[in-house]
Each structure stands twice: as C-alpha cells, then as structure tokens.
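> For this one, chain S is given, so just place chain F on it according to the hints.
Going line by line, the protein sequences match chains S and F.
Per this note's numbering, residue 678 is the first one in the first sequence, and the count goes up by one each step.
Per this note's numbering, residue 17 is the first one in the second sequence, and the count goes up by one each step.
Keep in mind that the hints were calculated from the coordinates and are not lab data.
Please note that a few of the clues may not be correct.
[Unchecked claim] When the alpha-carbon atoms are kept at most 20 Å apart in a straight line, the in silico DMTMM-like pairs for lysine to aspartate or glutamate are as follows:
1) F:LYS223 - F:ASP52
2) F:LYS277 - F:ASP356
3) F:LYS221 - F:GLU297
4) S:LYS755 - S:ASP726
5) S:LYS768 - F:ASP163
6) S:LYS768 - S:ASP726
7) S:LYS780 - S:ASP725
8) S:LYS718 - F:GLU26
9) F:LYS108 - F:ASP163
10) F:LYS340 - F:ASP398
11) F:LYS277 - F:GLU26
12) S:LYS708 - F:GLU297
13) F:LYS373 - F:GLU297
14) S:LYS755 - F:ASP148
15) F:LYS340 - F:GLU296
16) F:LYS369 - F:ASP433
17) S:LYS718 - F:ASP148
18) S:LYS768 - F:GLU169
[Claimed, not checked] So, partial list: chain S residues that the calculated Cβ filter (under 8 Å) puts toward chain F:
19) TRP710
20) TYR779
21) GLU783
[Unchecked claim] Here are some of the chain S residues that sit facing chain F, going by a computed Cβ distance under 8 Å:
22) ALA680
23) TRP688
24) ILE690
25) ALA703
26) LYS719
Computed from a predicted model, the values in this text were never measured in an experiment.
We put the CB at the ideal spot given by N, CA and C, even for glycine.
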Amino acid sequence: MKAITVLITLWFILSVSRLGYNYLRAFTSEKNWIFMIDYQKKTRLLGDDFIFLSNIASSCSISSTVNIFNPFPKSDQKLFYLSYYYLYPRKLIFSPSNVLSYKCNE
Amino acid sequence: MSFPTSAMNELIVVLVLVFITLFGVAFLYLFQFLSDLNFWEKIPYGFGLGCGLLAIYMFVLGRIGHWQYPVIITPLLLSIILAIFLRFNQIKQDVIWRFSLDPWDKMLLALIFLQVAYTGFEAWLRPLSAWDGWAIWLLKAKMFYQDGFVNPEIYHLTISQYPYVVNLIGTFIYQTLGVVDDRAVLLFFFFVYLMLGLSFFSFIKSKFSITRSILFTFLLLSLQNIIRHGGRFEAGYADLTLGFYLFLGFTLLQRYLTHSKISTLIPLSLLMGISSLVKEEGFVFTAICQIIIFYHSIFRHKNFNHFLISLIWLLPYIDWQIFKSLNSIYINPYSGGMLDLARFSQIVILMGKELAKIQNWNFLWPIFFLALIFNKKNLKPDAKLALLLLSLQFASYLAIFLITPIPIQVQVPNSFDRLLLHLAPLALYTIAASAKK
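Next up, chain S with everything else stripped away, as it sits in the complex (with noise of 0.2 Å):
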C-alpha cells in the first residue's frame, strides 16, 4: 500500500514536471509552428511526398488521370495513401518506375 501511495506521489510529481516542460517547449521550439503557413507545416511533417502531391493537384485537374510513377509501388503505403488524401476524386494508377515522377491525362 507504502509502495502504491508513493508511486502515485511520484506519479504525480512527474506530470506536474512533464506539464512545466510542455509548456517551456511550447513557448520555445513549438512556437515557430505558429509563424508558418499551412504549406510549411505540411511539408515539415510530411516531407517531399507532399511536395510532389502538391504539383500534381496544382497541375492536374479534378476530373484527370493521374499516372505516378514510383520507384516502391507496392511497398510505399505512405505515398499510395497520401495520393488519395491530396489528390481524390482523380483517379490514380501507380506503376512501377526507376524515378518518382507523375503524367496527367485530362
């Protein structure tokens, strides 16, 4: 009963410690996220993928085909599931290729 009485003290402590670092972090390092457009922070958390995505829905219309071509078709989730994310209802083949890259077909 000591033990548990002192783990949840203990506990405690460190979410209280854990709450004051959050907030330092906040006012620090987390505060150049509130300066930055929405096209950075998307790029910060999701890297050349969104980058490439945004070229496509920048140069391919709604109603288009979308041919990307990559290197990983079948092992890349990430690219095969952001795709439909930025660029539905276009529709998208993914085919098998040495380089990233995309063609529109209106």
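The following block gives chain F in isolation, referenced to the frame of chain S:
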C-alpha cells in the same frame, strides 16, 4: 488543393461540436434518460450519443442519395428546441452543480486547466499528421464529403473496411465549413480528450471525494499518450475516441447493474452500438457487455423485456454488416495467419516493454498491477466490473497478436500503445477505486 487557414474555421468547428453535444443532451432530456444526472454530468454522454446518432443518421441518409445539409441538421435542431420547450424547468434546476473546493482542490483544478489548454493548443497548432488520420479516418471523411454520399467504392479504393462513426463526424464538420480543413477538424479529437476528462471526473466524484476525483482526472489527462492522441501529433487516430466510448459504456453498465432501469439500459445499448461502429475492437467490448446484461437480466432478474431492449445496438451494427456484404467490402486482416502459441512469451515481453514505458504512461500500469495484487480486497463491485471488462478486452488483443500474420516484432510495438488507450481510463478508475482514503 485548398489550404484554408481562417481562424473562423476553428470557431465554427467548436460550435459544431457544441451543437452535436447539445443535440445529445436534448435527446437524453426528451426521453428522460439518466434523469438523476445534472446537466453538466450529462454533457459527455450527450457528446458520445450525439456523435454516434448523427453518424448513424448520416450513414442511412448517405446510402439513399446525396446529403442535403438542411435534412441532416433539422432533426438535431428540432430536438434541441423541443427539449428546451418541454424540459425547461428541469434543465434550469440541473444547471446548478455545487461542490466546495479547498485550496488543494483549486490547485489541482488549475493544473487540469493548464493541461487542457496545452493539449488544445497542440490540436490547433498543426495540421493532420497522424498516419491513420490520412490513411483511414479523415481520408474517408474527405472522400465522403467530396462525393456527397457514402460511396462504397471508397472502401475498395482505400482497401479498408473500418466502420464509419469517426469518418462521418469529419464529413459533417467539412459540410458545415463548406471546405476541407484538416487542421480545424482535429479539434474533434481534442473534444474527445475533454469529454473523457469530464466523464471520468463526474463518475469518480459520484463515488469518492472531490479531491480524489480531481487528482485522478489530472493524472488521466496528463498521460503523454493521451495528450498526443488528444492533440499533439497523433490527433487523427480513433483509439482515444474508442477509449472514451468504452469508459462511457462502463459507467452506464455499472449504473444498470445497480439499478436495472430501462432509462439507463437504452442509452447503454445505443453506446454499445456506437462503440462497435467506431473501431472493430469496439465490437469486443459490446459483446462482453451484452453477455453481462444477458446474465443480469435473464438469470438474476428473469426480465426478458430488458434483454430484448438491450439488443437495440444490433440494429445499426447489422445495417453496417449488410452494407459491407452488399458492396463486397470484406478484407480479412488475419488472412494467412494462424494461432501460434510459440510466440506467446515474445508477445508478453513486447507488451511488458510498452506497459513499463514511463514516457507514454507514467506509472499507470505498474501501479495498476500492484493495486491488483495488494489492494484487491478493497475493490468494490464497480471496480471489479471495470477490471473484468479490461481483462477480457486485453485478452482479445492478446488473441489477435497470437493469430496475426504480421511479424510480432512489428505488430506489437506499432499497435499496442494505441490498444492500451482503450483500457487506460478503466485501469485508472480501478486504481482510484482501490486506493484507501
């Protein structure tokens, strides 16, 4: 690709979620469910029921044709107006919720507000980055919004068969905004975090002291894994939502087993149905609850009517299964897998590593197991019920790991921390209930 950045969107999402909550609360007042709870205690149930009933309604409408926004919101608005008109005096009395706070309680409450404010800030700060968000839950929310109906083709394109509650709440938010805003929509997950805290506090407060209630609510809301899913980087997963529904379901099951009232049984059954439509793991919880209700109503009280009423959850669940069947939506996640008991020790070790991770759970799980070993004599029936639900749900996850075709070294570390989110509120309640004064 549209990039809406207006702060107006965040305000609208907050108002939408408040609207859905008020609809749920109105539903409770109109039918006099949970009438002994005051207005504030009804709010988490209102949010849970409101989201679930709205999603079920949209799912039915979305298969008949394209959604018409006025057709969706009119019944919700009418419910709120009717409740205010018919139950005004009751609501006026229920709004009063008095309890006295000593300086220690006020300090703990201040810590909770700071914690909630931080999580809310994190939910607001970044757009969607959680894998399951853009691969499952908000992906389909966006697709349904863009198509204007529940397009079964989407399930084939995305190779998934996950149920629809979280998807359709996202869709409703996008319809209200008139645009897809994948930063504003994350406030839904923050609201789940908030409502989990409120429901946890009000349930413990009904049984123990105010200090214990506030302390353990702070400990729950400050768990790093829960903060992450409530707003920081992992908002977009549906696991915290399921954990919220499981806890709500537990509280109503406990009430029903104590008082055997239909006014508790009906919302309980609705929550069971909604849980099974949030994530597939919710069906396990629903089945466990149904067995307990069956035993209680038939064997202990010989009340067949109650047992029949408890089956209400089957209506939306079977409807979902029929939809999948008619549209050939069936993906077997265990295809190629077989029961392999030889991996049991390895699974236990990998699970143990996650349970001991202080950076995710602080001391929740070590204290939970210690409380089981040393305080089991203090466990009252409601804590034993929480323990029973938790144990059976946990056993189902263990069974999944024994069967899954995915290598255990990948599957357990990737998913077990999220599965524990379903159980963490129950575990913490067990600790709170077993601690001596």
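> All hints, please: hold or fail.
These are the hints, each one checked on the structure:
1. A distance of roughly 14 Å separates the Cα atoms of F:LYS223 and F:ASP52; the hinted pair therefore holds under the 20 Å criterion.
2. Distance hint between F:LYS277 and F:ASP356 is unfulfilled; the C-alpha atoms sit about 44 Å from each other, more than 20 Å.
3. Distance restraint check for F:LYS221 and F:GLU297: the Cα-Cα separation of roughly 29 Å exceeds the 20 Å cut-off, and the hinted pair is therefore not satisfied.
4. Under the criterion of a C-alpha separation no larger than 20 Å, the hint pairing S:LYS755 with S:ASP726 is consistent with the structure, at around 8 Å.
5. For the hint linking S:LYS768 to F:ASP163, the alpha-carbon distance of about 13 Å falls within 20 Å, and the restraint holds.
6. Distance check on the hinted pair: S:LYS768 and S:ASP726 sit about 18 Å apart at the alpha-carbon level, within 20 Å; holds.
7. For a cut-off of 20 Å, the pair hint linking S:LYS780 to S:ASP725 stands: about 18 Å separates their Cα positions.
8. Taken as a hint, the S:LYS718 and F:GLU26 pair is honoured in the structure, with Cα atoms around 17 Å apart against an allowance of 20 Å.
9. With a C-alpha separation of about 43 Å, the suggested pair F:LYS108 and F:ASP163 falls outside the 20 Å cut-off, and the hint is violated.
10. For the proposed pair F:LYS340 and F:ASP398, the alpha carbon gap of about 37 Å is over 20 Å, so the pair is violated.
11. A hinted pair counts as satisfied when its Cα atoms are at most 20 Å apart, and F:LYS277 with F:GLU26 does not qualify at roughly 40 Å.
12. At most 20 Å may separate the alpha-carbon atoms for a hinted pair to count; S:LYS708 and F:GLU297 exceed this at roughly 37 Å.
13. With a C-alpha separation of about 23 Å, the suggested pairing of F:LYS373 with F:GLU297 is violated against the 20 Å cut-off.
14. This hinted pair checks out: S:LYS755 and F:ASP148 have alpha carbons roughly 10 Å apart, not beyond 20 Å.
15. Taking the CA atoms of F:LYS340 and F:GLU296, the gap is about 13 Å. The hint holds against a cut of 20 Å.
16. Of the supplied pair hints, the one linking F:LYS369 and F:ASP433 holds, its CA atoms being roughly 10 Å apart against a limit of 20 Å.
17. This hinted pair checks out: S:LYS718 and F:ASP148 have alpha carbons roughly 18 Å apart, not beyond 20 Å.
18. Taken as a hint, the S:LYS768 and F:GLU169 pair is honoured in the structure, with Cα atoms around 12 Å apart against an allowance of 20 Å.
19. Of the supplied interface hints, the one on S:TRP710 holds, with its beta-carbon coming within about 5 Å of a beta-carbon of chain F, less than 8 Å.
20. Checking S:TYR779 against chain F by beta carbon gives a least distance of about 14 Å; that is not within 8 Å, so the hint is violated.
21. Because the beta carbon of S:GLU783 sits about 18 Å from the nearest beta carbon in chain F, more than 8 Å, this interface hint is broken.
22. Here the hint on S:ALA680 is kept, as its CB sits about 6 Å from the closest CB of chain F, short of 8 Å.
23. A cut of 8 Å between beta carbons decides the hint on S:TRP688: the least distance to chain F is about 4 Å, and the hint holds.
24. Hint status for S:ILE690 relative to chain F: violated, with the closest Cβ pair at about 10 Å, above 8 Å.
25. With 8 Å as the threshold, the beta carbon of S:ALA703 comes within range of chain F, its nearest partner Cβ sitting at about 6 Å, so the hint holds.
26. The criterion of a C-beta within 8 Å of any C-beta in chain F is met by S:LYS719, whose closest approach is roughly 6 Å, and the hint holds.
Hint check: violations occur at hints 2, 3, 9, 10, 11, 12, 13, 20, 21, 24; the rest are consistent with the structure.
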